[in-house]
Amino acid sequence: MTQPLPLFPLLCLFLLSSPLLTGQAPDTLAPDDELRVVQLVEGDPLQRNHPAGLPSLLSEIARSTPFAFSPDPVFIQSFADPRLFESPVAYVNFADRSDWELSAAELEALRTYLNSGGFLFIDAGINSEFLREDARLGQRHSFADWEVTPVIAEQMEAVLPGRTFEALPRSHPIFQGFYNRLPDPESLPEAIRDYVVNEKWPRGSYSAMALHTESGRIAVLATPIIALGWGRDRFGRWSSPISFRVRESAEGMDERLRAAASSGPSFESRREDGSRDIIYTQPPHVPAWVQEPDGRWRVFRYYHGPEISEFAHQFYTRLGVNIFVYLLAEGA
Amino acid sequence: MNTFLKTSRFLTTLTAFLLLPAALLPVGGLAAQTAAETVQQALEDLRSDNPETRRGGVMLIAKYPGQEETMKALLKALEDPEPAVRRAAVVSLSENAPRIQPAQARILLRSLEDPDPEVRLGTAAWLPQLTLLALRNSGNRNPPITDGLRKAIEEPLLAALSDSQSLVRLKAVESLRYLRWRLPTDPLLDLMQDPDPEIRLQAYPVLSSVLTAGEFAAGALESGPDPDHRVRLALAETLATQPAPETRPLLQELAGDARSEVRWRAQAGLFLLSPENGLPDELHSALMEKEIDRGLLFRLFNAIRSLPAESGRVLAASLLEADNASTRARAATIWLRTFSEPPPSEGLLDLLADDAPEVRQQALHFAATRPALVAPATLFALPENPFMDVRLKALDLAGSLPGEDQARLALQLLLDTEPDVRKAALERIAHLQPAGWPGLLRASLRDPSSRIQRAAAAELLENLGDEGRRIAGDFARDHPDQPIASWIRERLRSAP
Chain A
93 MTQPLPLFPL LCLFLLSSPL LTGQAPDTLA PDDELRVVQL VEGDPLQRNH PAGLPSLLSE
153 IARSTPFAFS PDPVFIQSFA DPRLFESPVA YVNFADRSDW ELSAAELEAL RTYLNSGGFL
213 FIDAGINSEF LREDARLGQR HSFADWEVTP VIAEQMEAVL PGRTFEALPR SHPIFQGFYN
273 RLPDPESLPE AIRDYVVNEK WPRGSYSAMA LHTESGRIAV LATPIIALGW GRDRFGRWSS
333 PISFRVRESA EGMDERLRAA ASSGPSFESR REDGSRDIIY TQPPHVPAWV QEPDGRWRVF
393 RYYHGPEISE FAHQFYTRLG VNIFVYLLAE GA
Chain B
5 MNTFLKTSRF LTTLTAFLLL PAALLPVGGL AAQTAAETVQ QALEDLRSDN PETRRGGVML
65 IAKYPGQEET MKALLKALED PEPAVRRAAV VSLSENAPRI QPAQARILLR SLEDPDPEVR
125 LGTAAWLPQL TLLALRNSGN RNPPITDGLR KAIEEPLLAA LSDSQSLVRL KAVESLRYLR
185 WRLPTDPLLD LMQDPDPEIR LQAYPVLSSV LTAGEFAAGA LESGPDPDHR VRLALAETLA
245 TQPAPETRPL LQELAGDARS EVRWRAQAGL FLLSPENGLP DELHSALMEK EIDRGLLFRL
305 FNAIRSLPAE SGRVLAASLL EADNASTRAR AATIWLRTFS EPPPSEGLLD LLADDAPEVR
365 QQALHFAATR PALVAPATLF ALPENPFMDV RLKALDLAGS LPGEDQARLA LQLLLDTEPD
425 VRKAALERIA HLQPAGWPGL LRASLRDPSS RIQRAAAAEL LENLGDEGRR IAGDFARDHP
485 DQPIASWIRE RLRSAP
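Protein chains in written order, with the working numbering: chain A, 93 to 424; chain B, 5 to 500.
Hint data in this document are derived by calculation from the structure and do not stem from the laboratory. Treat the hints with caution; some may be incorrect.
What the hints assert, rightly or not - Partial selection, computed: residues in chain A whose CB lies under 7 Å from chain B:
#: 1; residue: Arg128
#: 2; residue: Gly344
#: 3; residue: Ala351
#: 4; residue: Gln374
#: 5; residue: Ala380
#: 6; residue: Tyr394
#: 7; residue: Gly397
#: 8; residue: Pro398
#: 9; residue: Glu399
What the hints assert, rightly or not - Chain B is nowhere near these chain A residues, computed Cβ spacing over 10 Å in every case:
#: 10; residue: Pro277
#: 11; residue: Gly308
#: 12; residue: Phe327
#: 13; residue: Ser367
Here a beta-carbon is modelled for each residue, glycine too, at the ideal position from N, C-alpha and C.
Between the sequences and the hints, there should be enough to build the whole structure, so can you do that?
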């Protein structure tokens with residue numbers, strides 16, 4: 093059986109020596125003090141999804157916070173790999189593993205890891221129903237939903253028996269750990285600004301589900317894909333453009349949508365408070381409009397453009413920084 | 005009505021219902037509308053005096069791209085007096101980009117000159133795709149460039165290049181690479197001095213493909229060194245990718261840049277122009293330490309290959325220790341290629357023991373295709389190689405050696421830790437039958453690997469005649485408890 097490193101003491105030692113607590117300037121950390129993140133990728137790491145994502149985020153965390161992360165993750169192919177215990181933070185993109193049935197050795201290793209103070213962040217661990225047919229769909233669509241992909245829920249709840257995933261409220265401190273607000277929305281088109289600020293990502297929050305340990309610490313965190321917003325190229329430009337899906341309405345829209353013909357399947361998505369939206373789609377797999385729990389109907393609109401992409405990347409990067417900083421600080 | 009008739013009518017109705025095209029099924033919401041009915045309602049909304057209702061109509065109709073009136077109505081909405089409606093129309097059209105016809109795309113391009121900044125920005129958001137679409141004719145991806153077509157695309161694009169919003173200019177720059185005719189040079193050269201560094205960063209690679217090398221170099225020199233190092237890096241990278249004699253002065257200027265990554269890329273461009281001048285130290289260090297873009301690496305090694313054999317060999321040898329495996333592999337290819345007599349055994353063995361399989365493969369390929377240039381001492385050292393892929397090939401590489409030397413090598417390999425290597429060695433010994441072969445095969449019947457035991461037994465029973473069968477039979481009799489013994493007995497029993 094794997095003999096775990098005691099992760100809590102390791103993390104505390106790191107934090108005690110970190111400039112966060114000692115008041116030193118962040119750039120005084122020696123390279124030997126670099127924190128590594130373990131990343132699970134099945135097969136060749138070069139073939140992983142959003143390859144520039146995590147290294148760019150870790151560089152950003154090292155640049156803007158006292159946490160001196162190395163941009164190079166330690167790659168493992170299985171949770172049974174003893175190198176899992178080399179870092180208090182493990183990251184996996186749901187689509188970087190094809191079969192999520194964990195072996196007995198993995199279940200045990202992961203249980204030991206999480207109970208010893210480790211964290212597992214499952215990016216794209218939330219995939220709305222219309223994205224579940226093909227894991228690649230969940231790499232391009234980040235649809236707000238508060239329901240963990242069933243196989244992830246089943247496997248993680250087997251790792252920590254008796255524990256179940258719970259929705260993180262919008263007000264949870266994980267969303268304000270380091271940055272406490274959204275990027276400046278002034279550049280966004282007027283038509284969507286209010287929606288983005290007040291409904292889509294209020295105070296920088298996001299749909300997230302967490303599995304807590306008995307002590308109440310977050311052990312596993314699942315979100316819709318956010319790594320798509322982290323990657324930068326060698327010029328510092330964002331690696332891929334991002335578009336917005338927003339909900340819009342206009343006078344008389346309720347009545348029109350209530351009666352409108354729909355040719356695609358409809359599905360339900362869960363809100364943070366457990367209430368349900370009914371999403372109507374048009375082929376191929378495109379959410380077209382929604383009936384909301386309060387009876388309101390709104391249309392989905394798709395906005396593209398560099399200013400939108402820039403805002404989204406800044407948001408996802410801040411979100412990533414907040415998540416990692418919170419997890420490390422909570423662990424300490 | 006009798007039951008049969010009732011059932012029959014029910015089935016007819018059900019069948020008709022099931023055969024309805026899915027698009028006509030009224031499954032949305034509470035009411036029972038067809039898509040055509042919903043579109044008619046949206047068209048009614050578009051005729052309303054209330055701009056909010058018209059905006060709603062624009063959003064609703066976008067969800068029915070298959071309906072004939074949809075595109076026509078959305079394009080008409082681009083002329084709405086209310087900016088909010090025009091903005092909504094641009095977004096609705098972009099949602100339906102795959103359905104837009106080239107002529108419609110050309111109409112849409114006019115929105116780049118709309119007085120409302122958000123309309124212009126919304127159009128610019130998908131300008132590259134729109135430009136590509138506008139350039140086509142129905143069914144023809146490359147229609148002749150008529151004056152009408154050129155005017156329809158060029159005028160709005162030039163307007164966008166000088167738009168007050170930098171994001172509009174950015175997308176216009178991105179679209180330039182799709183044009184198949186020359187635009188006026190001045191507005192293009194102006195981009196090199198655009199106040200927004202992101203635009204200059206985007207512009208240099210694009211301009212290098214739409215301007216001549218002379219125009220490009222003169223414009224860049226006149227603009228002076230860019231204050232943003234990323235822009236200078238992009239420029240150096242662009243020039244290193246396609247160096248031309250006209251760009252030499254520009255490359256020389258960049259080779260003296262304050263930033264190392266700019267300098268060595270410019271030096272790469274200069275080296276590609278005149279490899280005979282040698283590889284500057286800084287570029288050499290970059291090759292030794294950095295992961296270099298595959299295309300540039302390929303061109304640099306092609307230039308090294310063009311050098312006289314002796315200089316090429318020295319240069320390639322100096323790169324055999326590079327950190328990056330791709331660099332080492334290319335250096336190995338060139339270094340080996342320069343020899344007309346056997347290369348130093350130690351050097352070849354080092355390549356064969358490289359951690360990177362691509363480097364070992366280059367060395368193995370050399371040894372396999374030019375056996376006369378591989379010294380026997382090199383081959384006899386292969387059993388000590390740490391990599392199985394090399395040890396597995398050792399006997400093939402030794403194919404031109406005298407039989408006794410091959411047998412000696414096979415004997416060494418018979419002690420290998422990997423069963424696959426031992427199996428290859430065993431087969432070669434059975435084939436060569438050197439002195440003492442019966443004892444070797446007999447010993448292999450006690451190999452820890454059942455695969456080797458089976459291979460040794462098969463050789464004895466099937467390929468080595470009466471003597472082989474006798475050795476195998478004796479072994480089975482002397483060691484009846486060995487697992488292979490029962491297999492041998494069974495084979496001997498069933499033998500003719």
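Can you name, in rising order, the numbers of the hints this structure does not satisfy?
1, 12
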